[in-house]
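Listed in order, the protein sequences are those of chains A and B.
1 is the number of the first residue of the first sequence in this note's numbering; add one for each residue after it.
1001 is the number of the first residue of the second sequence in this note's numbering; add one for each residue after it.
Worth double-checking, as some hints may not be accurate.
Pairs of lysine to aspartate or glutamate, DMTMM-like flavour, derived with a Cα cap of 20 Å [said to hold, decoys possible]:
| id | chain 1 | residue 1 | chain 2 | residue 2 |
| --- | --- | --- | --- | --- |
| 1 | A | Lys118 | B | Glu1226 |
| 2 | B | Lys1119 | B | Glu1181 |
| 3 | A | Lys118 | B | Asp1024 |
| 4 | B | Lys1322 | B | Asp1352 |
| 5 | A | Lys118 | A | Asp144 |
| 6 | B | Lys1322 | B | Glu1349 |
| 7 | A | Lys118 | B | Glu1225 |
| 8 | B | Lys1059 | B | Asp1024 |
| 9 | B | Lys1322 | B | Glu1332 |
Hint data in this document are derived by calculation from the structure and do not stem from the laboratory.
Source: prediction; values computed, not measured.
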Amino acid sequence: MMVFGIDPIVLIASLMAASTPILLAAIGELVVEKTGVLNLGVEGMMITGAVCGFIVTMETGSPGAGFVAAAVGSALLSLIFAVLTQVFLANQVATGLALTLFGLGLSALMGQSYVGLKSPSFPAVNFGPLADIPVVGPILFNHDPMVYVALFTVVGVWAVLRYSRLGLILRAVGENHDAAHALGYKVVRIRILAIMFGGACAGMGGAYLSLVRVHQWVEGMTAGAGWIALAIVVFASWRAGRVLLGAYLFGGVTLLQLNLQAAGSNFPVQYLSMSPYLITILVLVLMSAGRRRNALHAPGSLGRVFHASS
Amino acid sequence: MKLKSLLLGGAVALGLATTAQAEDPTKVGFVFVGPIGDGGWTYEHNEGRLAVEEHFGDKVETVFQESVPEGADAERVLTQMALGGADLIFTTSFGYMDPTINVAAKFPDVKFEHATGYKRADNVSTYSARFYEGRAIQGHIAGKMTESNIIGYIASYPIPEVIRGINSAYIHAKKVNPDVEFKIIWAFTWFDPAKEADAAKALIDQGADVILQHTDSTAPQAAAEEAGGVITFGQASDMGEYAPMPRVSSIIDNWAPYYIARTAAVIDGTWESVDTWDGISTGMVGIGEISDAVPADVKAEALALKDAIAAGEYHPFTGPLKKADGSDWLAEGEVADDGTLLGMSFYVEGIDAEIPQ
Chain A
1 MMVFGIDPIV LIASLMAAST PILLAAIGEL VVEKTGVLNL GVEGMMITGA VCGFIVTMET
61 GSPGAGFVAA AVGSALLSLI FAVLTQVFLA NQVATGLALT LFGLGLSALM GQSYVGLKSP
121 SFPAVNFGPL ADIPVVGPIL FNHDPMVYVA LFTVVGVWAV LRYSRLGLIL RAVGENHDAA
181 HALGYKVVRI RILAIMFGGA CAGMGGAYLS LVRVHQWVEG MTAGAGWIAL AIVVFASWRA
241 GRVLLGAYLF GGVTLLQLNL QAAGSNFPVQ YLSMSPYLIT ILVLVLMSAG RRRNALHAPG
301 SLGRVFHASS
Chain B
1001 MKLKSLLLGG AVALGLATTA QAEDPTKVGF VFVGPIGDGG WTYEHNEGRL AVEEHFGDKV
1061 ETVFQESVPE GADAERVLTQ MALGGADLIF TTSFGYMDPT INVAAKFPDV KFEHATGYKR
1121 ADNVSTYSAR FYEGRAIQGH IAGKMTESNI IGYIASYPIP EVIRGINSAY IHAKKVNPDV
1181 EFKIIWAFTW FDPAKEADAA KALIDQGADV ILQHTDSTAP QAAAEEAGGV ITFGQASDMG
1241 EYAPMPRVSS IIDNWAPYYI ARTAAVIDGT WESVDTWDGI STGMVGIGEI SDAVPADVKA
1301 EALALKDAIA AGEYHPFTGP LKKADGSDWL AEGEVADDGT LLGMSFYVEG IDAEIPQ
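Could you put together the complete structure from these sequences and hints?
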């Protein structure tokens, strides 16, 4: 079956892979924002993860080790943000922007001797006969491991936030940090851990770009993916399931745009390119309409500075 | 990247300040659109810069800035270089055309050389290479090698140079394989590895088993290698690390002789504003080794085509040719003039697509 000269099964399978970097970064940022912290440094953490993952993969030859290194490297970078905003009570917006600029510069410096090298391939998981099932096989059972890691992370975050005690604590800290503090929860410690989780996720997302999608390190290669991840969290109104939807929408539109061109369609691609951003703007407008703030699930303490004595 | 540009700028300024009181070597500046490690376009320009350094030794000092966006930023970088005492500045991307002209008007004593553009001034030369000659050879190999009869083309911006390449490749693919079809993706970037990789994958998903690229990174090569059974051609640089498969040949830009000649002209005081457009015959366009993945007879034909172009016996745009809208362009045996080629904004007959505006 072909639609406008495009095979939808192939398109869906490719968009799952193409959306993985922004999906990982967005689900990490979702957890961070759920605890009431706005970290605008996603782009910086992604690019740092991309370079850390690439360096370790080139040195060890193992993309798996590269992804672990990317997660650790970006979590360490996010610790700078955590210390500045949670311990020294710096402004979160300014610190997050600084983290992005710092990450871009730092990664360029670290990656200088790795420009132009080619990373080893990262084979798809072998599901044996499952991959041969029509329709379902190519869509679900023919990806590299990170696609599944990203999907399990989304499911895990959804389940933890919804059903577990830990999820309740995270949400309590994000909704009202004073109340959570009064109940005896360590607000600052919980937030620092959440920020590091977000950093690790963003780092793996970045490494997916350098290790799977492009197979090389290029300065500034995230090209705004971190900002898209931030937009997805707002678009998803802080719900894990909708983050998945948002990531596939953003990733899918980009891919659809290229596929439509390849199929020779004369549909103006600019409309497709701008559509996810239009939807995000619409969601933001709805959110800022005040009364609907609760309906959109923005955490109550998002972006507010917490100090135990105040 | 901003931070790095700042630091680089500072370093350049410092370097110039300290060497100013020395014996005053000729300073040659280079402005690059991508990083020097892109493995393609900018890499080869930087090789040319290194050749200039090696050839002149202490008599010449070079400065460069990489990843300079096309537009207003380029004007700032150029102004900074000119103020820093550069005697000759090479601007190596089409989008630097207006910034080069603007800055050149403010610095009449500095010589400028703009690659691939068409605007000149008393102190601005233009230079380019006849890449379409190399595209003809690629088209020939592509037409012979494709089994799906679908050839994917990753185009950058809809400018004459890129359209010329598409037409040249198409004409020669069609000549050896009448069933061939071109699928073209406009990436609207010279260098964005993620987007180039996605574009290559989209073309492969659409059945293409040959990928031609007019973008600068090796990402499409990596995507083709991953997919398997797809052939590619190195763009601007040999990209030999992907040989023998997927990369079966390449177009290599060799700027070094030109850069050395022009720098020598500045030193001698004989520099004049000129328009240079060289091809395979002078070596400005090189054809990378055709790998063993190509059958011997196809390889021999491709090399014969190369020799015929180099000797001036054959022009890739020789009639009869029609435009895509069906109107006549070249009569039997007629050869396209450079003016038409330089302003080319139409597809030849058979390419079923529209050029984005």
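Results for each hint:
Taken as a hint, the Lys118 of chain A and Glu1226 of chain B pair is honoured in the structure, with Cα atoms around 12 Å apart against an allowance of 20 Å. Restraint check for Lys1119 of chain B and Glu1181 of chain B: the C-alpha separation of about 35 Å exceeds 20 Å, so the hint is violated. For the given pair, Lys118 of chain A sits about 41 Å from Asp1024 of chain B by alpha-carbon distance, which is inconsistent with the 20 Å threshold. For the proposed pair Lys1322 of chain B and Asp1352 of chain B, the alpha carbon gap of about 13 Å is at most 20 Å, so the pair holds.
Distance hint between Lys118 of chain A and Asp144 of chain A is fulfilled; the C-alpha atoms sit about 18 Å from each other, no more than 20 Å. For the proposed pair Lys1322 of chain B and Glu1349 of chain B, the alpha carbon gap of about 5 Å is at most 20 Å, so the pair holds. A hinted pair counts as satisfied when its Cα atoms are at most 20 Å apart, and Lys118 of chain A with Glu1225 of chain B qualifies at roughly 12 Å. The straight-line distance between the Cα atoms of Lys1059 of chain B and Asp1024 of chain B is roughly 8 Å, inside the 20 Å bound, and the hint therefore holds.
At most 20 Å may separate the alpha-carbon atoms for a hinted pair to count; Lys1322 of chain B and Glu1332 of chain B meet this at roughly 11 Å.
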